[in-house]
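Engineer: Per the UniProt record's numbering, the very first residue in the sequence shown carries number 1; after that it's consecutive.
Any given hint could be a false lead.
[To be verified] With a straight-line cut-off of 30 Å between C-alpha atoms, the simulated BS3-like cross-links for lysine-lysine are:
id	residue 1	residue 2
1	Lys28	Lys42
2	Lys42	Lys21
3	Lys28	Lys8
4	Lys19	Lys42
5	Lys8	Lys19
6	Lys8	Lys42
7	Lys21	Lys8
Quick caveat, the hints were computed from the structure, so don't treat them as lab data.
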Amino acid sequence: MTQEQFFKEISDAIVNLEKEKAIELAHKAVNENMNLLEVIEKGFGDGIRRIGDLWEEGEFFLPELMLGGTIMQE
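Whenever a hint applies, use it, and build me the whole structure from the sequences.
Structural biologist: Rendered as structure tokens:
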């Protein structure tokens, strides 16, 4: 899996509100000594921005927005 695919997998986990998967991928990034700033920016950051876009489009509502933020904090 390329780094870009890994970042996309993280982003998708955030958008799909898959808390356990997002945490698992975060642990994988740490264990594999990845550039964590890049993981946050390109994976988690992209996911939360996508959630924001879905909220603006009216496809996500406040509960999804809050859950996405909670997943990011974990």
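Engineer: Please flag the earlier hints that this structure goes against, numbers listed from lowest up.
Structural biologist: none
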